[in-house]
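Sequence order for the protein chains is A and B. My numbering puts the first sequence at residues 237 to 649. My numbering puts the second sequence at residues 961 to 1319.
Be aware that one or more of the hints could be misleading.
To be verified - Which residues of chain B face chain A? A few of them, derived with a C-beta cut under 7 angstroms, are:
id : residue
1  : 1040
2  : 1041
3  : 1045
4  : 1199
5  : 1200
6  : 1203
7  : 1204
8  : 1211
9  : 1214
10 : 1218
11 : 1221
12 : 1224
Please keep in mind that the hints were generated in silico from the structure rather than gathered at the bench. The structure displayed is predicted, hence computed values, not measured ones. In this text, a Cβ means the ideal position worked out from N, Cα and C, and glycines have one as well.
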Amino acid sequence: MRATVILFLLWIAVWILPGSAAAPDSCVTCHAAVDDAAKGPAALIKNDIHIAHGLSCADCHGGDPTSDDPDVAMNKKKGFKGKPARTAIPKFCATCHSSPDYMRKYAPRERVDQFELYQTSVHGKRLAAGDTAVATCIDCHSVHDIRAVKDTAAPVYPLRVSETCAHCHSDAQKMAPYKIPTNQFAEYKTSVHWEGLTKRGDLSAPTCASCHGNHGAKPPEVESVSAVCGTCHVLFEQLYEKSVHNAVFSGAGGGGGCVVCHSNHAVHDPSTAMLAGPKSVCTGCHEAGSAPAGTATQMAGWLDGLDAALKKSETVLASAEKSGMEVSEAQVHLIDGRENMVKARLALHSMKPLEVEKPVEAGMAIARSTQKAGEFALHEKDTRRMGLAVSVLLIGIVILAIRLLLQRMESTT
Amino acid sequence: MSAAEIKTKTFEWFDERLGLRIARDMLDHKVVPLHPGTAWYYFGGITLFLFGVQMFTGLLLLLYYRPTVAEAFDSVRFIVTRVEFGWLIRSIHSWSANLLILFAFVHMFSVMFTHAYHRPRELTWLSGIALLGLMLCFGFSGYLLPWNQISYFATKVGTDVAGTTPFVGPMLARLLRGGEDVGAATLTRFFAFHVMILPLFTCGLIGMHLLLVQKTGMSTPKHLPAHDLSHMKFFPNFFLRELMVWYGVLALLGSLAAIFPWELGEKADPFASAPAGIRPEWYFLAQFYTLKLIPSHVWIFEGELLGLAGFGALALVWVALPFWSTHKPDGSGNARLATGVGVFLVCYLVVFTLLGYFK
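Whole structure, please, built from the sequences with the hints as guidance.
Rendered as structure tokens:
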């Protein structure tokens, strides 16, 4: 009897004490039970980062999730905010995401300036002007199944960012009112950046947000293009800024810095074909046969010459290595030759032929010495084979001599 | 004084001091039995010849090799690229090491299948098995010395396996490595094993092995009556034939070294990930592949431990062969069982080595 009373009191205590039992979330329970569009959120939240961090529907939408009565649960007196208008979404998210104190509890390293940046973006400015067709937080991050950026299934994961942007920016109908092109994604997919990102799996390769910004997204101004490219291509930017092209390309009406030669979204693997020949980008400004066009052709010739010399060395060394010759020292030296090639291509951005010539000369010297090493190894291989043939022949003669000696000895005994 | 008189006087001078006459008399009287299996007698000599090649080329390599982590790889590269005929010496040393182990195995199985280990040759068998063990230790210790990527990780795997030996494993692994992991101490230690400790034991044991062969004479097949067999004088008849074989092996060695120079690989980088398909030298492949096939746990035992126990048991049976395999003049005994074990072992080693190599 005493035990029964104690158990009953314990049960009462568990029932009464707050938080002692998991309270059911009526938002999820009811939304899961309905059959219309309102069912969506309940089905999606299982993947949501907020839910994973222990937040509930009510933390964003307000209301009383402990009540099963919809009138109570979704009562404005209980703080229920409901579904925010599109124009209110950024501010809605910013309630928490712009609060350093609040964010510190969940993601201390997370930035809290997204809303401020968004307001400076083309999207933010248009939204403020009443254009509800522009992207808000949920258009990029999704809604109710919002995942962390590092989640591979998140629409803002580096590998998926360009597709997320293209969702609107490749839609001709959506972009028609803004009179902006819709071929960016198609062009980007032909670029070295896309190749680096998707084929080599290099997550640091640039996507849309790397150049345009994410929350503060807007096209870079003409003057700042080289700075945008220079974020990654630092040395190229430094040389370009000292070049004669900087003043011409980056000034007003100049056409956009790096973009003039390399394009913007369709940045292809650069080659000497950009300098000389029918696909030369120089001839867009300089007439064929002019002095600058001639200089470009000359520099292309140097680079092609170095590339061919290095490739020839590689072939000779590979052939020697295949024959079992030890050429690792020359192969390591050849890497220095390739580095000079990179330096020469880099120096090209200064548009000073002398600066290009120096690494080309150094690279050529390495190519010559490594080729010589490879040829020597191949010659050495032939010498060894010859030496082997002579040695085997001599050994054969000695064996034969012993055999004859034995025959003579054994025939006499 | 005529040339013949000078020769006689010189011989007598040395004989008085060294007792050369005893050696000459011994060579004069030593004979080799002639029968269909006489060719197997050459394999012991080939193994000895290859050991001589190893000593000679090893001494030459020692002139340039530097046994430190910082210098080992570069010193071997220096040998093969800068030293005159260094590539040949290094390549012959590596190929000869492999042929030596191959011919030692052939010699061992030829002794086994001709039942040449029976009384009174038990000690000859045991010293031969010990020599084979020493040759394998030579191979294992020498493999690390160039300090390249493959040898570094193969030694890591090899010492890891040694570390799983029951009771003494951790101590054995520490003893081999000179620390917790393969590093500078391991290289110094393996070098000391390879050029000093192992040669010392091997030379002593080879001396004992040869002395025992001399003491008990050459074994003849049991089914052929010894008194019916004709004989050949060891010196010079058999010796010259053996010399021909040695020259043949030298030609083979030179051809392998020149056509397939032993590659140097890349310098060992302990922080790099192990190269794909890492595996030990071919003479450890059968055991390596067997351990790979055994599941991690078999009943309540650790798979690797069970594999090692199996190898230990098989080695014990093999070493004790002269003590359990009997052969009587009337043809009774369990020599057939011993032959069966030998056939099984050969098949196992060949098949598993091939599987380990190609899979």
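Checklist entry - Which numbered hints does this structure break? => result Hints 3, 4 are the ones this structure does not satisfy, whereas the remaining hints hold.
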